[in-house]
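A.B. asks: Sequence lines, in order, name chains A and B. First residue of the first sequence? That's 19 in the numbering used here, and the numbers climb one at a time after it. First residue of the second sequence? That's 4 in the numbering used here, and the numbers climb one at a time after it.
Rather than coming from a laboratory, the hints here were simulated on the basis of the structure. Keep in mind that the hints are not guaranteed to be accurate.
Below, a list of computed lysine-lysine pairs in the DSS-like style, where the Cα atoms sit at most 25 Å apart [stated by the list, open to error]: (1) Lys10(B) - Lys77(B); (2) Lys280(B) - Lys373(B); (3) Lys47(B) - Lys77(B); (4) Lys53(A) - Lys280(B); (5) Lys77(B) - Lys62(B); (6) Lys275(B) - Lys53(A); (7) Lys65(B) - Lys10(B); (8) Lys53(A) - Lys47(B); (9) Lys373(B) - Lys53(A); (10) Lys275(B) - Lys203(B); (11) Lys10(B) - Lys47(B); (12) Lys47(B) - Lys251(B); (13) Lys77(B) - Lys53(A); (14) Lys251(B) - Lys280(B); (15) Lys247(B) - Lys156(B).
Residues of chain A placed beyond 10 Å of chain B at every Cβ, according to the derived structure [unchecked claim]: (16) Tyr22; (17) Val58; (18) Pro108; (19) His109; (20) Phe136; (21) Leu139; (22) Ile167; (23) Leu180.
Every value quoted in this text rests on a predicted model; they were computed, and no experiment measured them. Idealized CB from N, CA, C, for every residue including glycine.
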Amino acid sequence: MIGYLIDGPLWYFSLAVFSIGVVWQLVAIIFASRKTDLSVARGSASRGAIRNVFSRFIPHREIAPQIRVQVVAGYMFHLGLFALLFFAAPHVIFLEENFFGFGWTAMPHWGFILAAQFAFLGLIILWLRRMLNSVSRLISTLDDHVAAILTFVVMLTGCLALLEGFHELRLLHRFTVELLLIYFPFSCLMHTFTFIPSRAFTGAWFGRRGIDS
Amino acid sequence: MSERLQKGLEVLRAEVDSKVQSFFSSCVRCGVCAESCLFYTETKDPRYTPIYKTEPLRKLWKNEYSFWGKLTGKLGMTKAMTEADLADWEELVYDGCSMCGRCSMVCPVGVDIAMIIFKVKHALAVAGFSPEGLVETTQRAIDVGSPMGVTLKTVQAVIKHVERDTGLSVPMDVEGADYMALLSSNEIALYPEYLESLVKIFDHAGVSWTLSSEAFEATNSGLQIGNKAIAGQLVQRVVDGAEKLKVKTVISPECGHAYTALRWEGPNFLGKAYSFKVVHILELLDELRAQGRIKTTGMETDRLTFHDPCSIVRRGGVLAQPRNLLEPITENFVEMTDHGSMNWCCGGGGGVSGNERAEELKHTAFNRKKSQIEELKVDAVVTACSNCRMVMEDGIEANEMDMPLLGLTELIAEHLAEDRAE
Numbered sequence: 019m020i021g022y023l024i025d026g027p028l029w030y031f032s033l034a035v036f037s038i039g040v041v042w043q044l045v046a047i048i049f050a051s052r053k054t055d056l057s058v059a060r061g062s063a064s065r066g067a068i069r070n071v072f073s074r075f076i077p078h079r080e081i082a083p084q085i086r087v088q089v090v091a092g093y094m095f096h097l098g099l100f101a102l103l104f105f106a107a108p109h110v111i112f113l114e115e116n117f118f119g120f121g122w123t124a125m126p127h128w129g130f131i132l133a134a135q136f137a138f139l140g141l142i143i144l145w146l147r148r149m150l151n152s153v154s155r156l157i158s159t160l161d162d163h164v165a166a167i168l169t170f171v172v173m174l175t176g177c178l179a180l181l182e183g184f185h186e187l188r189l190l191h192r193f194t195v196e197l198l199l200i201y202f203p204f205s206c207l208m209h210t211f212t213f214i215p216s217r218a219f220t221g222a223w224f225g226r227r228g229i230d231s
Numbered sequence: 004m005s006e007r008l009q010k011g012l013e014v015l016r017a018e019v020d021s022k023v024q025s026f027f028s029s030c031v032r033c034g035v036c037a038e039s040c041l042f043y044t045e046t047k048d049p050r051y052t053p054i055y056k057t058e059p060l061r062k063l064w065k066n067e068y069s070f071w072g073k074l075t076g077k078l079g080m081t082k083a084m085t086e087a088d089l090a091d092w093e094e095l096v097y098d099g100c101s102m103c104g105r106c107s108m109v110c111p112v113g114v115d116i117a118m119i120i121f122k123v124k125h126a127l128a129v130a131g132f133s134p135e136g137l138v139e140t141t142q143r144a145i146d147v148g149s150p151m152g153v154t155l156k157t158v159q160a161v162i163k164h165v166e167r168d169t170g171l172s173v174p175m176d177v178e179g180a181d182y183m184a185l186l187s188s189n190e191i192a193l194y195p196e197y198l199e200s201l202v203k204i205f206d207h208a209g210v211s212w213t214l215s216s217e218a219f220e221a222t223n224s225g226l227q228i229g230n231k232a233i234a235g236q237l238v239q240r241v242v243d244g245a246e247k248l249k250v251k252t253v254i255s256p257e258c259g260h261a262y263t264a265l266r267w268e269g270p271n272f273l274g275k276a277y278s279f280k281v282v283h284i285l286e287l288l289d290e291l292r293a294q295g296r297i298k299t300t301g302m303e304t305d306r307l308t309f310h311d312p313c314s315i316v317r318r319g320g321v322l323a324q325p326r327n328l329l330e331p332i333t334e335n336f337v338e339m340t341d342h343g344s345m346n347w348c349c350g351g352g353g354g355v356s357g358n359e360r361a362e363e364l365k366h367t368a369f370n371r372k373k374s375q376i377e378e379l380k381v382d383a384v385v386t387a388c389s390n391c392r393m394v395m396e397d398g399i400e401a402n403e404m405d406m407p408l409l410g411l412t413e414l415i416a417e418h419l420a421e422d423r424a425e
């Protein structure tokens, strides 16, 4: 019964909440009020916007040494998670069967293990830092902790689900994914998408002034 | 709900736009912005983390625009904002932020934190949570025309000295001149050499220019305190003066916030574009240099560096011009390790220098600039903002450093060739 719910209605419900929620939030943001800047631009806003979406992936030389932990652990986590999500063999099969109708070459098993280690280590370091660093402790919200814990649980159950002999572990993983999908649009996890308009807005602002931000 | 709180919340609500919604949705509280802010790096007080200074607006956004805020609101479970949510942020926003914008350059998800802090300042200013000193200077700017109480009589007295020392006349109220020059109160009161330099350079380069007896003040206290209506009112005076004299271009002086207010924010404060252009004095001088209309002679042999005024360089875009102007007259110029659009603030912008309560914090923040200067072992520092100059001279004196501060426009004037450019 539970298996039927998790593989059936709950899956579709969570997918609907995720996709409608994400689109709704993005539309609400992009179509919210915005005033035209009446000053005379010196440089190109659109060039600045596009440039900034990509340039912010690399921290400024002047600040890189001070933010080493956030940068290294952040990339370990995000790149590891990206590799797991799209190139772990069970996910490639899942995506082929449920979404795209075609698959692609999955990571070898050792690649999966490496990506998982990176993702776990990155997430744990970042979460520990969030709890131990005085700045992060002050500015963090409940949302930040829930998102971190939920992501960790999804990853952990994913590793457990590798024991393919135990069908229940796969269901547990799917269930935690569904919780994450439902939580996603109403949380800080939306930065997955909103970083693009945010970087673009700021890039455009600086671009009008002729500054590469 | 008190009237002050109501006014503050109304302003915060009006400030929530597409950018604010995107920014607050994107912030993941990584804390990177703290490492870019001299108020945090020099005090290690986490309250000076830039994104933390935006908390009043974030709370309103969360309560009224986020999913959870709207849900808890419908269930009557929202924790309403109180006066303390505004009052408790006055010190952080006014004393602990110079609006330098370095945080906006480093946020990994692209939040323009300085822009949000200005929105918070706007709300605090309207609600009456601003430092006494800034309230007084702003009122003086409205009543007298200058935050330091500088009147036309003061300007005329300075003009008299300049004309006597240079043998050149200072044009006043010349209709149809190409350029209308503005001055900041700091320049009139503390650095009158700036006007003398302008006179010499414009005579040398054959520039058609004028001052305006009705619109000579560039400093915008409204911007410093964060009150957009007052900022607009002060910009309007300049616009009226420029339109009356039918000038083509207005020159913003060596004052960071004047440039921000007039060049970039003014049209938005007033809701319409200008009928004239606005340039920073360094932009004009660089144009004249490129046209061959400024001939210089001799070189500074001292080891010099340049402090980039935040509102002019990082937030204003006048990045290459100071370097272009220094290159022909300095033979021993070195950049600060963190220079250009990533230079560190002097610590006195955003009204901090006019806020007595922030004196100690400002001196602590200056330690960053002090270490930048000491690292280079220079003989002097050049800059192009009278507020930066005043703040750094103050910091240099407090630290018993022997370090001259030079104004860039004055430096150029000192090296003008006797024969004029053709």
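A.B. asks: Take the hints in turn and mark each one as holding or not.
C.D. replies: Comparing the hints with the structure gives:
Between Lys10(B) and Lys77(B) the CA atoms are separated by roughly 23 Å; this keeps the pair inside 25 Å, and the hint holds. With a C-alpha separation of about 37 Å, the suggested pair Lys280(B) and Lys373(B) falls outside the 25 Å cut-off, and the hint is violated. At roughly 40 Å between alpha-carbon atoms, Lys47(B) and Lys77(B) are farther apart than 25 Å, so this suggested pair is violated. At roughly 21 Å between alpha-carbon atoms, Lys53(A) and Lys280(B) fall within 25 Å of each other, so this suggested pair holds.
With a C-alpha separation of about 17 Å, the suggested pairing of Lys77(B) with Lys62(B) holds against the 25 Å cut-off. The suggested pairing of Lys275(B) with Lys53(A) holds, with an alpha-carbon distance near 12 Å, which does not exceed 25 Å. Distance restraint check for Lys65(B) and Lys10(B): the Cα-Cα separation of roughly 19 Å lies within the 25 Å cut-off, and the hinted pair is therefore satisfied. For the suggested pair Lys53(A) and Lys47(B), the alpha carbons sit about 37 Å apart, so the restraint of at most 25 Å is broken.
As the CA atoms of Lys373(B) and Lys53(A) are separated by approximately 40 Å, the hinted pair breaks the 25 Å bound. The suggested pairing of Lys275(B) with Lys203(B) is violated, with an alpha-carbon distance near 35 Å, which exceeds 25 Å. Simply put, Lys10(B) and Lys47(B) have alpha-carbon atoms about 33 Å apart, too far for the 25 Å limit, and the pair is violated. The straight-line distance between the Cα atoms of Lys47(B) and Lys251(B) is roughly 48 Å, outside the 25 Å bound, and the hint therefore fails.
In summary, the hint linking Lys77(B) to Lys53(A) is not supported, as the alpha carbons are separated by about 30 Å, beyond the 25 Å threshold. Our distance criterion of 25 Å between C-alpha atoms is met by Lys251(B) and Lys280(B), whose separation comes to about 6 Å. The straight-line distance between the Cα atoms of Lys247(B) and Lys156(B) is roughly 21 Å, inside the 25 Å bound, and the hint therefore holds. No Cβ of chain B comes within 10 Å of the Cβ of Tyr22(A); the nearest lies about 29 Å off, and the non-interface call holds.
The Cβ of Val58(A) does not lie farther than 10 Å from every Cβ of chain B; its closest approach is about 7 Å, which violates its non-interface assignment. The non-interface label for Pro108(A) is consistent with chain B: the shortest C-beta to C-beta separation is roughly 28 Å, beyond 10 Å. Taking the minimum C-beta to C-beta distance to chain B, about 24 Å, the non-interface status of His109(A) holds against the 10 Å cut. Consistency note on Phe136(A): stated as away from chain B, and its beta-carbon is indeed over 10 Å from all of that chain's, at 18 Å minimum.
Every CB of chain B is more than 10 Å from the CB of Leu139(A) (nearest about 17 Å), matching its label as outside the interface. Every CB of chain B lies more than 10 Å from the CB of Ile167(A), the least distance being 15 Å, so the non-interface label holds. No Cβ of chain B approaches the Cβ of Leu180(A) within 10 Å, the least distance being about 29 Å, so the stated non-interface status holds.
In this structure, the earlier hints numbered 2, 3, 8, 9, 10, 11, 12, 13, 17 are contradicted, and the remaining ones agree with it.
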